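Q: Can you build the whole structure from these sequences, using the hints too?
Protein sequences appear in the order of chains A and B. Note that the first sequence covers residues 350 to 649 in the numbering used here. Note that the second sequence covers residues 1238 to 1571 in the numbering used here.
What the hints contain is simulated information worked out from the structure, not anything from laboratory work. Nothing here was measured: the structure is a model prediction, and the numbers come from that model. Glycine is no exception: its CB is placed at the ideal position from the N, C-alpha and C atoms. Take these hints with a grain of salt, some might be off.
Said to hold, decoys possible - Partial pick of chain A residues on the chain B-facing surface, computed with a CB cut under 7 Å:
hint	residue
1	Glu414
2	Pro472
3	Arg473
4	Met474
5	Thr475
6	Ser497
7	Ala549
8	Ile552
9	Ser553
10	Leu559
11	Val582
12	Ile625
13	Pro626
14	Met631
15	Lys640
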Amino acid sequence: MSEQMDGASRASTNGNEPLLVVKNLKKYFPIKGGAILDRTVDYVRAVDDVSFTVRAGETLGLVGESGSGKTTTGYCVLQLLKPTEGSVRFAGKELTTMSRGDMRAVRRDMQIVFQDPYASLNPRMTVGDIVSEPLLVHKIGNRKSRRSSAERLLEVVGFNPDFINRYPHEFSGGQRQRIGIARALALNPSLIVCDEPVSALDISIQAQILNLLKDLQNEFGLAYLFVAHDLAVVRTMSDRIAVMNSGKIVEEGPAERVYTNPTDPYTQALLAAVPIPNPRRMQERRAERRKHKDVLAEPV
Amino acid sequence: MALLEVEDLRTYFKTREGEVRAVDGVSFSLEHSKMLGIVGESGCGKSVTVLSIMGLVQTPGRVVGGSAVFQGRDLVQLKGRELEDVRGHEIGMIFQDPMTSLNPTLTIGTQLTETLRRHLGMNKDQARKRAVELLEEVHIPNAARRLDDYPHRYSGGMRQRVMIAIAISCNPKLLIADEPTTALDVTVQAGVLDLLHELRSIHEMGVIIITHDMGVVAETADDIIVMYAGQIVEQATALDLFDRPEHPYTEALLEALPQVEGEGIREGRLRSISGRPPDLLDPPPACRFAPRCAYAGQDDCATVPPDLREIRPGHWVRSSHPTSERAAAPVGAR
Ligand SMILES: Nc1ncnc2c1ncn2[C@@H]1O[C@H](COP(=O)(O)OP(=O)(O)OP(=O)(O)O)[C@@H](O)[C@H]1O
Ligand SMILES: Nc1ncnc2c1ncn2[C@@H]1O[C@H](COP(=O)(O)OP(=O)(O)OP(=O)(O)O)[C@@H](O)[C@H]1O
Ligand SMILES: [Mg+2]
Ligand SMILES: [Mg+2]
Chain A
350 MSEQMDGASR ASTNGNEPLL VVKNLKKYFP IKGGAILDRT VDYVRAVDDV SFTVRAGETL
410 GLVGESGSGK TTTGYCVLQL LKPTEGSVRF AGKELTTMSR GDMRAVRRDM QIVFQDPYAS
470 LNPRMTVGDI VSEPLLVHKI GNRKSRRSSA ERLLEVVGFN PDFINRYPHE FSGGQRQRIG
530 IARALALNPS LIVCDEPVSA LDISIQAQIL NLLKDLQNEF GLAYLFVAHD LAVVRTMSDR
590 IAVMNSGKIV EEGPAERVYT NPTDPYTQAL LAAVPIPNPR RMQERRAERR KHKDVLAEPV
Chain B
1238 MALLEVEDLR TYFKTREGEV RAVDGVSFSL EHSKMLGIVG ESGCGKSVTV LSIMGLVQTP
1298 GRVVGGSAVF QGRDLVQLKG RELEDVRGHE IGMIFQDPMT SLNPTLTIGT QLTETLRRHL
1358 GMNKDQARKR AVELLEEVHI PNAARRLDDY PHRYSGGMRQ RVMIAIAISC NPKLLIADEP
1418 TTALDVTVQA GVLDLLHELR SIHEMGVIII THDMGVVAET ADDIIVMYAG QIVEQATALD
1478 LFDRPEHPYT EALLEALPQV EGEGIREGRL RSISGRPPDL LDPPPACRFA PRCAYAGQDD
1538 CATVPPDLRE IRPGHWVRSS HPTSERAAAP VGAR
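A: If you want it as structure tokens, here you go:
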């Protein structure tokens, strides 16, 4: 493929250090109090001492329930949020202390795909402009080469390249998510943070997008930090899994092991709660869930 | 006699672009104390089906045909006061988002006792006593004390439990739950589904549960209806539907589901269904699934609308190419 796709310029790490190394990451959001909300009375410990790694070409699935800190973790990795504490090393470089200029170069190499394919695309831009915007921002190529890049990117995600002159409202949810993915691929990143990329989609469309993400990973050697609350979706995508609960990773390991032999009580309860599309297992599942009642007691 | 008998229900929306045939000839029946699951993807007509039964379709929508006979009365024909008495009294309802259904300015107790006093004519003390029992029944801890809290003090799962308590407060014979757990975390969902299951037995209620989640129907329903583009495409017992799906759509949908258990999951690909559901303004003329169907060939799939037929006892399918009637390989290459 072209110069942006050949992977030669992509960031690499020296030696054996994984592509992404996150250590003791914390993100606390202040809770304001006092008469004019001018004092910090406490903190939301959204991410509370989290460590993990992602190797090149690998997928780490980050699962957990609403509010457990998945999105905040992803944003801190990308430096879209400034971590309160801890280290984020990407391609051998520490990001938390990096200057803005240096960070700009690194940004090319880490991208994000958002949950909501409706909100994340500018309705007034053509699909071609949306997909090639990252190239423009980073001043790569000229008008003509950007146009042909856009066409190629649309083809990569399974579209007719003629679609470049259309607008997002002409597309369905799944198609818009493809546009978001094409855009994330524009700068030939080595890591993509996928934040609930299929939660807004119907099953039949969800399968199309998950297959596409797998294909792209195989073709371009992408690493994914795959964030989702759906345990089945995460399993199908991930080599390794980290389970989050209240800002902490409670269990981490190879996907196979975590799903078949979870050791943490919360992970066990979470897995027992997933409804399984097999009515013959109904009784057994219900009995299994009763065992975990205490772990899951709702806050009173 | 069945608890609810729905016959050829049709609900259309008149829009500027034309007529949206949201529900187009839906028939089913629900027996006493049974749980019926309605599944299907977004926009296939699940909510409009039950809203039509409850007389809650808003303009520009209108029930243009069919009937829904509940305990001897056709709900489609009922109006005003009569309908309101049935609703919330003989039929309970729960919706997706408990926050929009609970009034944030009234205590949980007030909202529960209001229903009891209006529909059952209880006095204040009776209603309050019953309200505590109801909260206990849906497993709210410290029910007596929590009665005077406002909804915002309850977690999402607890609010949905309160909605269930309100819905069952008049001992309805039928409970309709439209995506009751879609907004909840999976662990909280499990608790709410198990609660519905338990209450169904205790109160001998018929339950219709609407969801887009195949796992949810598999773990709750006795019978399942699969809807596609405003029509029922398959109906069977839960066991038979999952063991031997007949409609190419159901079959593909089950294969498109990511699994939590099994081998080779990471390496494998999911089955995807090409295209997307049709525009209900202008659905395909015959079989509505034909444009996406792996088996629709040169035959009459595009010209003759398939009927919903009973392919074996209790198992209904609307397709010319059900699994048990076709050769192994799909037409053409996929
Ligand atoms: N900007 C912010 N200010 C204050 N608190 C925040 C902010 N962003 C997130 N939080 C809080 O941090 C916690 C973690 O939120 P986060 O969005 O990371 O969770 P999540 O796991 O992505 O949840 P979901 O599955 O609902 O997307 C939550 O309690 C949330 O309310
Ligand atoms: N007010 C309206 N005007 C026009 N069309 C409408 C209106 N309300 C609903 N529809 C159409 O009716 C069809 C059925 O909608 P319905 O809400 O029943 O879908 P659903 O199966 O419940 O989907 P979901 O899973 O998203 O809740 C949809 O295609 C929708 O576009
Ligand atoms: Mg999130
Ligand atoms: Mg609905």
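Q: If a hint holds in the structure, say so; if it doesn't, say that too.
A: Against the structure, the hints:
no.	hint	in the structure
1	Glu414	holds, 4 Å
2	Pro472	violated, 20 Å
3	Arg473	violated, 23 Å
4	Met474	violated, 23 Å
5	Thr475	violated, 22 Å
6	Ser497	violated, 27 Å
7	Ala549	violated, 9 Å
8	Ile552	holds, 5 Å
9	Ser553	holds, 4 Å
10	Leu559	holds, 6 Å
11	Val582	holds, 5 Å
12	Ile625	holds, 6 Å
13	Pro626	holds, 4 Å
14	Met631	holds, 5 Å
15	Lys640	violated, 12 Å
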